[in-house]
Amino acid sequence: LDTQAIVAVSLGDANEGDTSSLAWSLLRAELNLDAVAADEPAGRKLHPQPLTEVVADKGYHSNEVLVDLNASGIRSHVSEPDRGRRVWKGKHDAKAAVYANRRRTHSARGQRLQKRRAEIVERSIVHMYDTGGMRRLHLRGRGNIFKRLLIHAGAFNLSLIMRQLLGAGTPRGFAALCRAFRSLLATFEAAIDALIEIHRPRTDGAVGVITKMYLHCAFVNHA
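Heads up: the sequence shown at position 168 corresponds to 168 in the working numbering, and the numbers run straight through without jumps.
Derived by calculation from the structure, the hints in this document are not laboratory data.
None of the hints are false.
Taking lysine-lysine pairs in the PhoX-like style, the calculated list, with each CA pair at most 25 Å apart, reads:
no.	residue 1	residue 2
1	Lys89	Lys58
2	Lys95	Lys58
3	Lys115	Lys58
4	Lys58	Lys91
All chains, please: the whole structure from these sequences, using the hints.
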(Lines of atoms letter the chains of each structure in order from A and count residues from 1; the text may use other names and numbers.)
(Lines give C-alpha, C1' and ligand atoms only; values in the text may rest on other atoms or scores of the structure.)
Protein backbone atom coordinates (compact mmCIF):
# COMPACT_ATOMS: atom_id res chain seq x y z
CA LEU A 1 0.00 0.00 0.00
CA ASP A 2 2.96 2.34 0.50
CA THR A 3 4.55 1.84 -2.92
CA GLN A 4 1.27 1.20 -4.80
CA ALA A 5 3.14 -1.36 -6.91
CA ILE A 6 1.64 -4.65 -8.07
CA VAL A 7 3.87 -7.48 -6.85
CA ALA A 8 1.85 -10.43 -8.19
CA VAL A 9 -1.03 -11.22 -10.53
CA SER A 10 -2.97 -14.45 -10.85
CA LEU A 11 -5.53 -15.73 -13.33
CA GLY A 12 -8.36 -17.69 -11.76
CA ASP A 13 -11.29 -19.58 -13.19
CA ALA A 14 -14.59 -17.83 -13.73
CA ASN A 15 -16.27 -20.02 -11.11
CA GLU A 16 -13.46 -19.59 -8.56
CA GLY A 17 -14.23 -17.39 -5.58
CA ASP A 18 -11.95 -14.83 -3.97
CA THR A 19 -11.42 -17.04 -0.93
CA SER A 20 -10.00 -19.79 -3.15
CA SER A 21 -7.67 -17.50 -5.10
CA LEU A 22 -6.13 -15.67 -2.13
CA ALA A 23 -3.72 -18.47 -1.22
CA TRP A 24 -2.31 -18.64 -4.76
CA SER A 25 -2.01 -14.86 -4.95
CA LEU A 26 -0.07 -14.75 -1.68
CA LEU A 27 2.18 -17.60 -2.79
CA ARG A 28 2.98 -15.87 -6.06
CA ALA A 29 3.62 -12.60 -4.23
CA GLU A 30 5.97 -14.35 -1.81
CA LEU A 31 7.92 -15.96 -4.66
CA ASN A 32 8.26 -12.64 -6.47
CA LEU A 33 9.42 -10.88 -3.33
CA ASP A 34 11.97 -13.64 -2.71
CA ALA A 35 13.29 -13.07 -6.23
CA VAL A 36 13.61 -9.36 -5.52
CA ALA A 37 15.40 -10.08 -2.24
CA ALA A 38 17.90 -12.27 -4.11
CA ASP A 39 19.06 -9.20 -6.04
CA GLU A 40 21.53 -7.45 -3.73
CA PRO A 41 20.84 -3.77 -4.68
CA ALA A 42 17.08 -4.24 -4.59
CA GLY A 43 17.16 -6.55 -1.57
CA ARG A 44 18.73 -3.85 0.59
CA LYS A 45 15.64 -1.69 0.07
CA LEU A 46 13.21 -4.52 0.84
CA HIS A 47 11.80 -5.18 4.30
CA PRO A 48 13.30 -8.25 6.00
CA GLN A 49 9.77 -9.69 6.28
CA PRO A 50 7.87 -8.20 3.32
CA LEU A 51 4.77 -10.37 3.69
CA THR A 52 3.48 -9.95 7.24
CA GLU A 53 0.01 -8.41 6.79
CA VAL A 54 -2.91 -8.81 4.39
CA VAL A 55 -5.57 -6.16 3.80
CA ALA A 56 -8.59 -7.35 1.81
CA ASP A 57 -12.28 -6.69 1.30
CA LYS A 58 -15.13 -8.82 2.60
CA GLY A 59 -15.12 -11.08 -0.44
CA TYR A 60 -12.00 -12.78 0.94
CA HIS A 61 -13.44 -13.39 4.42
CA SER A 62 -13.91 -17.00 5.47
CA ASN A 63 -13.01 -19.17 8.42
CA GLU A 64 -10.52 -21.22 6.39
CA VAL A 65 -8.74 -18.16 5.01
CA LEU A 66 -8.33 -16.54 8.41
CA VAL A 67 -7.16 -19.78 10.04
CA ASP A 68 -4.57 -20.34 7.29
CA LEU A 69 -3.31 -16.76 7.54
CA ASN A 70 -3.04 -17.05 11.31
CA ALA A 71 -1.15 -20.34 11.00
CA SER A 72 1.25 -18.74 8.50
CA GLY A 73 2.02 -15.87 10.87
CA ILE A 74 0.30 -13.28 8.64
CA ARG A 75 -1.84 -10.64 10.33
CA SER A 76 -5.17 -10.31 8.55
CA HIS A 77 -7.18 -7.13 8.04
CA VAL A 78 -10.14 -8.56 6.13
CA SER A 79 -13.50 -6.79 6.22
CA GLU A 80 -16.14 -9.03 7.77
CA PRO A 81 -19.58 -9.34 6.15
CA ASP A 82 -22.68 -9.39 8.31
CA ARG A 83 -23.40 -13.08 8.94
CA GLY A 84 -25.51 -12.69 12.03
CA ARG A 85 -24.98 -14.80 15.12
CA ARG A 86 -22.24 -17.40 14.64
CA VAL A 87 -22.10 -20.90 16.11
CA TRP A 88 -18.57 -21.78 17.20
CA LYS A 89 -19.09 -25.23 18.66
CA GLY A 90 -16.03 -27.33 17.81
CA LYS A 91 -14.40 -24.44 15.92
CA HIS A 92 -11.97 -23.01 18.44
CA ASP A 93 -9.26 -22.11 15.90
CA ALA A 94 -11.75 -20.47 13.56
CA LYS A 95 -13.31 -18.49 16.40
CA ALA A 96 -9.92 -17.22 17.58
CA ALA A 97 -8.88 -16.23 14.05
CA VAL A 98 -12.18 -14.48 13.27
CA TYR A 99 -12.25 -12.55 16.53
CA ALA A 100 -8.61 -11.50 16.19
CA ASN A 101 -9.28 -10.30 12.65
CA ARG A 102 -12.38 -8.43 13.87
CA ARG A 103 -10.37 -6.62 16.54
CA ARG A 104 -7.76 -5.56 14.00
CA THR A 105 -10.25 -4.35 11.40
CA HIS A 106 -12.22 -2.34 13.97
CA SER A 107 -9.10 -0.64 15.33
CA ALA A 108 -8.05 2.82 14.18
CA ARG A 109 -5.11 1.40 12.23
CA GLY A 110 -7.31 -1.21 10.61
CA GLN A 111 -9.75 1.47 9.46
CA ARG A 112 -6.88 3.49 7.98
CA LEU A 113 -5.59 0.44 6.14
CA GLN A 114 -9.03 -0.30 4.71
CA LYS A 115 -9.39 3.29 3.48
CA ARG A 116 -5.94 3.08 1.96
CA ARG A 117 -6.84 -0.22 0.27
CA ALA A 118 -10.04 1.24 -1.16
CA GLU A 119 -8.05 4.13 -2.62
CA ILE A 120 -4.92 2.40 -3.89
CA VAL A 121 -6.06 -1.09 -4.87
CA GLU A 122 -9.31 -0.01 -6.48
CA ARG A 123 -7.43 2.64 -8.46
CA SER A 124 -5.10 0.03 -9.93
CA ILE A 125 -8.10 -2.14 -10.82
CA VAL A 126 -9.73 0.77 -12.65
CA HIS A 127 -6.51 1.52 -14.55
CA MET A 128 -6.04 -2.09 -15.64
CA TYR A 129 -9.55 -3.39 -16.22
CA ASP A 130 -11.67 -0.36 -17.09
CA THR A 131 -9.31 2.19 -18.64
CA GLY A 132 -6.99 -0.55 -19.88
CA GLY A 133 -9.82 -2.51 -21.51
CA MET A 134 -9.20 -5.77 -19.66
CA ARG A 135 -12.83 -6.46 -18.79
CA ARG A 136 -13.35 -8.21 -22.12
CA LEU A 137 -10.55 -9.94 -24.04
CA HIS A 138 -10.59 -11.69 -27.39
CA LEU A 139 -7.64 -14.02 -26.92
CA ARG A 140 -7.31 -17.78 -27.21
CA GLY A 141 -5.90 -19.74 -24.32
CA ARG A 142 -5.23 -18.96 -20.68
CA GLY A 143 -1.54 -18.50 -21.44
CA ASN A 144 -2.16 -15.59 -23.79
CA ILE A 145 -4.62 -14.02 -21.37
CA PHE A 146 -2.09 -14.29 -18.55
CA LYS A 147 0.60 -12.70 -20.75
CA ARG A 148 -1.74 -9.79 -21.47
CA LEU A 149 -2.42 -9.43 -17.75
CA LEU A 150 1.30 -9.39 -16.96
CA ILE A 151 1.91 -6.70 -19.60
CA HIS A 152 -0.81 -4.51 -18.11
CA ALA A 153 0.54 -4.98 -14.58
CA GLY A 154 4.07 -4.17 -15.75
CA ALA A 155 2.82 -1.04 -17.53
CA PHE A 156 1.05 0.05 -14.35
CA ASN A 157 4.24 -0.36 -12.32
CA LEU A 158 6.17 1.51 -15.01
CA SER A 159 3.70 4.38 -14.69
CA LEU A 160 4.60 4.65 -11.00
CA ILE A 161 8.27 5.07 -11.92
CA MET A 162 7.43 7.63 -14.60
CA ARG A 163 5.32 9.57 -12.13
CA GLN A 164 8.29 9.75 -9.76
CA LEU A 165 10.70 10.84 -12.51
CA LEU A 166 8.53 13.04 -14.74
CA GLY A 167 5.52 13.92 -12.62
CA ALA A 168 3.12 12.06 -14.94
CA GLY A 169 2.51 8.35 -15.26
CA THR A 170 -0.02 8.09 -18.10
CA PRO A 171 0.06 9.42 -21.70
CA ARG A 172 -2.84 11.72 -20.87
CA GLY A 173 -1.07 13.05 -17.80
CA PHE A 174 2.19 13.47 -19.71
CA ALA A 175 0.39 15.42 -22.46
CA ALA A 176 -1.17 17.69 -19.83
CA LEU A 177 2.27 18.18 -18.28
CA CYS A 178 3.71 19.14 -21.69
CA ARG A 179 0.90 21.63 -22.28
CA ALA A 180 1.50 23.20 -18.88
CA PHE A 181 5.24 23.42 -19.61
CA ARG A 182 4.63 25.06 -23.00
CA SER A 183 2.26 27.56 -21.41
CA LEU A 184 4.83 28.36 -18.73
CA LEU A 185 7.54 28.76 -21.38
CA ALA A 186 5.35 31.11 -23.45
CA THR A 187 4.65 33.22 -20.35
CA PHE A 188 8.38 33.38 -19.57
CA GLU A 189 9.20 34.45 -23.13
CA ALA A 190 6.54 37.16 -23.02
CA ALA A 191 7.98 38.48 -19.75
CA ILE A 192 11.51 38.55 -21.21
CA ASP A 193 10.29 40.42 -24.30
CA ALA A 194 8.52 42.97 -22.10
CA LEU A 195 11.68 43.57 -20.05
CA ILE A 196 13.78 43.99 -23.20
CA GLU A 197 11.28 46.46 -24.60
CA ILE A 198 11.33 48.51 -21.40
CA HIS A 199 15.14 48.76 -21.23
CA ARG A 200 15.74 49.21 -24.96
CA PRO A 201 17.40 52.66 -25.71
CA ARG A 202 15.17 55.07 -27.62
CA THR A 203 16.47 57.10 -30.67
CA ASP A 204 14.53 60.36 -30.50
CA GLY A 205 14.99 63.44 -32.72
CA ALA A 206 17.78 65.07 -30.67
CA VAL A 207 19.95 61.99 -30.90
CA GLY A 208 19.42 61.91 -34.64
CA VAL A 209 20.52 65.54 -35.05
CA ILE A 210 23.68 64.99 -32.99
CA THR A 211 24.53 61.92 -35.07
CA LYS A 212 24.15 63.87 -38.32
CA MET A 213 26.28 66.75 -37.01
CA TYR A 214 29.02 64.35 -35.95
CA LEU A 215 29.07 62.68 -39.34
CA HIS A 216 29.18 66.05 -41.13
CA CYS A 217 32.09 67.29 -38.98
CA ALA A 218 33.97 64.10 -39.56
CA PHE A 219 33.50 64.50 -43.30
CA VAL A 220 34.73 68.13 -43.25
CA ASN A 221 37.80 67.30 -41.16
CA HIS A 222 38.68 64.44 -43.44
CA ALA A 223 38.45 66.66 -46.50
